[in-house]
Every structure is written in structure tokens, then in C-alpha cells.
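Visitor: Construct all of the structure, not just a fragment, from the sequences and the given hints.
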Amino acid sequence: MLDWLNKKVANLTDEDVAVLRRLQLFPYKDKDQEQKFDVPDKFFTKDPGLGRWRHSLRHGFYPPLVKRLNIPESPDLSTYQDILLSIASEREQRGSLSKEDFDVASTCFHKLSQSYSSLDSSQQERLCQALQRKRIVPVTRENGRGDLNYPMNTLYPDMPDTWFERFKFDKQHPNYVRGGHANVLFLKALGVSLLSENHTIEYVSATNSTFRPIRALDHRLDSYIPALLRFLFKEFHEDSLPEFQTLLKSLHFFQSEKISAKVTAKSSYYYVSSQCDLDAAFDAQTNRLIVADAKPRLGAEALAEALGLPTGAVRATLFTLWNSTTLREVDEILNAGAYPDLPEAFQPVHVAGAVAIATDEEWDDEDWNRAVDRINMGSETRGQVVGQPLTQQPNLQRKAERQSSSVPKSSAERKNKSVSSADPHRSAPPPKKSTIETHFGPSPFAGPSPSTERDGHRPQSPQGTVQPKQGNQNQAGQRRGQKQFKNYVYTYNESDREITQEAHSQKVDRRGMEYAMEYERRHNRTPEDCSADTGAGYDIFSTELSGEVRYIELKTVSGPGVTWA
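Residue 131 in our numbering sits at position 143 of the sequence shown; the count goes up by one each step and never skips.
Treat the hints loosely; a few may be bogus.
Straight-line Cα separation of at most 35 Å, DSBU-like style, residue types lysine-lysine; simulated pairs [to be verified]:
no., residue 1, residue 2
1, K17, K122
2, K87, K156
3, K246, K156
4, K34, K19
5, K99, K34
6, K30, K17
7, K237, K34
8, K159, K250
9, K156, K254
No lab work stands behind these hints, which were simulated from the structure alone.
Guide: Okay, here's the thing in C-alpha cells:
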């Protein structure tokens, strides 16, 4: 009959073709190699690998008749969709799935996933509406058999193998999407959860852990807060900025040799978890950023966990910002990425200090009085109690020295001014005894005065006043022209407590260092304490926003007769 139809194909009308398409005309062989027949719609001229659901005709089998009956060469997306829904319906009725049908369903699902991005929005919407809430996602059960699952019950493990190895996470789970279906847009449109967006890393506190604060990273974080807020301003809504700002200010870095954590991915339909050791984690209870060492990569990982950033481009940008060496480089990255400026309420405020002014020019009595008033006002703003204003310290003398590298100066040209004698109408109250003071005023000395005894500098005069001694003018002028080293000298009183001289000296040095570091940070610079490096030649390595480096040699001296209430 097929031979006769093939010869008479030119005489077939449209009504004849419609009748023939409903008849089981073409032969095929099933899995048992038995010959059977099926309708033309179940055939293609090329083997689609769809088993009993679709067949292929032998090459060159009745070409005129095949063309007249409009038998296609290969399946289209609607064919894959219909077959997948048919297999899903049969799975619901039988409660199980044969291996052949599961392989066909996986092929159909994979074809739809591959073609999803090439469809227009209306076609994508129609496809998802037809497949949503149907049992069409291929998974592998614990017994190794394939099965179909509902999209909302399924988790797609879209993480590299290194991630599973690092977190010791289960790579085989009955709710995982079967491998090979990597179109994330298609999966998300169906309602499948992504492991990259649906996992949490929860730090597990250990009782035997030892934590050591990392001050250098804390200082780095403090100086990076405005840039991080600008980064978050683009990625999140403006309403989130106050919460992020509060969080960033409360974070502190700690180093620990053992960092345990629990990694979890869960929903109302599945639960996957593991215990592991990490290099970086965030402790939400104490706001600690815990790292194994001070490497920038680990600090960025802990910070990303604290901010709750998703894995991907957002975290990569944070890593780039945190690894930048200067704030100027950070600003260039943000500007290149078209990150908007922060709202005015979150803009950093620059507070000028008296020491910065004193390094540039000589002061008269009125200059000193204005600076001291500003210092007292600043200390009240920061919430630190000073007791007596600095101008009421009768035995504290402040002297500023200005040097020039071009013309040698005589002793008559060197001016020293005392704050205590600036205003004869001010009287000092009786000295008060107290515990250790909690605030130190800015140093009256700033500039290129000799910093060591071999340069002719003695830290303290017999009267308790620091007197920078005139040294080699050419060397001093050369140091000033380089603008590298700057000396800050501070004067403190002896404690009333009976402590050793060594302990007192260490206390004074520590307070001087804390003040100088705080002063640098207030002026939007990033300081690092290098005092432990005896061969460095300086105590503080401070970086400007422009990238310029300041090498600071710090001198702290305690003077007798000075009382801080």
C-alpha cells in the first residue's frame, strides 16, 4: 500500500492527506525488535533519540509520500514540550518511571533549557506556564534511579567542584537537578532554587578557640566605610544604607587558628547541610570578622558574609575594592563602574586639626587660643571628657618651630610661643588628683625638628618643657622639603601611682601612638603601626587618599608638674 500511495501522491487531495495522517501507516521496531506501525506524526526523517515516543524513518523511505504528508526532519520545541508533559502525566499515573522514559524526559528537558534564551518573552512565558507545577525536572534518587520532580522541590547545584570540596558539601542529593541543565534563567523561571542563592554559612563558636584582634584590618575597614557604602548604595536600596553603616562600624577583625562553620541549603521540601573548617567566617552574635590570617582575600570573604552579598559579580567587585592599595584606587574603580555618589547624610565629614595647621606656619597667641578652643570643642563632640581646657594647664607649654631649607636661620629668627602665657587674664584652677587620664590633646610640635639624640635633640628640659634643639639646618631643611618624616611630641604628667619607670614609659608611648593613629584617621588617611619594626626608621606608615605616603616618627615624653583632671 505504501508503494501505491507513493506512486499516486500527485493525485492526493488535502482531505486524503488529513485521513492518511490519522492512520498507522509507517512501520518501526520497538525495543524488542518487533515491527509495529504508527501515525505519521510520530515519525521524523532523522533519529531524534526519543524511543517509543517518536520514531525515525529509514533514509530515502518513500520520499514523495513523506514530503506530501509533511513529516519533519527533526522535532521542534513544541514536540519536546508535548513529550515531556506526556511522560510526566504517565509518571503521575504509574508512580514510577522506566529508564527509557526517564532518558527521553531528560533529553526533552535539556532541549527546552538550551533553547529558552533564544525565545522571545511571550514564548518564554507560554513555555513556563505549560511546565510550571508539573513533575518535569529530572533528578537522581538515592537508589541511583532517575525520576521526575516538581520545580519547587528541586535544588540546582550551580557551584564549582572546588566549592563542594572546600565546604565538604554533599554532591549527590535526591533533590538536585540532574547534571547538564545549566540554563539558570530557565530554571529560575520554573521555580527551581539555585544553590548559589540558597545556602547559608553559619559560624559555629568553639569553646577552645583563641582570638587575636587585627588592628590593622580594623583601621583599614574604618577608612573604607564611605567607599563600601557607595558600593552598597548601587547594589541595594538607599533605605538599607543606615543598617549597613551601623553594621560596618560595629565590625572587628580577629584571627583564629580554627574556624568552624555549618553550611546549609534548605526549603520546605529539602535540607542539605555539612560541617567544615574555613579560612574566613562572620560571627553574627559578636559581629566578629574571623580570619585565619591577615590576607586581603580572607578579609574580603568575611566581609562579604557579614554583608550578605550573593556569590557572583557583586562579591567579585567587593574583593577588588578590598584588595586595592589606596583609597584613590578604590574611587577610580567605583567611578569606572558608574557607582553613584552617596547621599549627603552619609558623606564623610573632614575635621581639621591644630597640628596640621601648625606644620605650615608660625602661630601667634591668638592662633594658639583658637586652636585650643577647637580642640576642646572636638573632644566634647567625641564624648571624651578632658576636665580642664588646655589653656588652663599652667605648667604645659607649647612651642612651634619653623625651619627653612633655603636660608639658614639665626637664633633670633627662631620663635617659641607659650600657650600658658597667651592670655594673662585666664587663671588655672587648683590641680586635681585623678586616675589615669582618658584623653590627650594634640601635640604642639609638628614639623621637621630633629628626632633623635644624635641629631642634637633632647626629649625633655629640666623644667618639663620640650625644647627642640637647633640642629643642622641644611639637613632639617632637606627633610622638610621631602615631606616624608614628621615628628609629633606629646607631654604628659607622671602618674601618682607607684609603678615602675619602664611601665610608665610604655604607657606613655602607647597613648601617644593611639593619639597619632586617631589623628591620621580623622584626616582620611590610612595609618599602620610600624613601631615594632626597629629597622624601619619610623613609627607610622600613613597613606593619603592620593596615594602619597607619610612616614611619621613619634616621640612621647612625660613631664613633671602637669596635672590632667
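Visitor: Does the structure break any of the earlier hints, and which numbers would those be?
Guide: Hint check: 7 fails alone, others pass.
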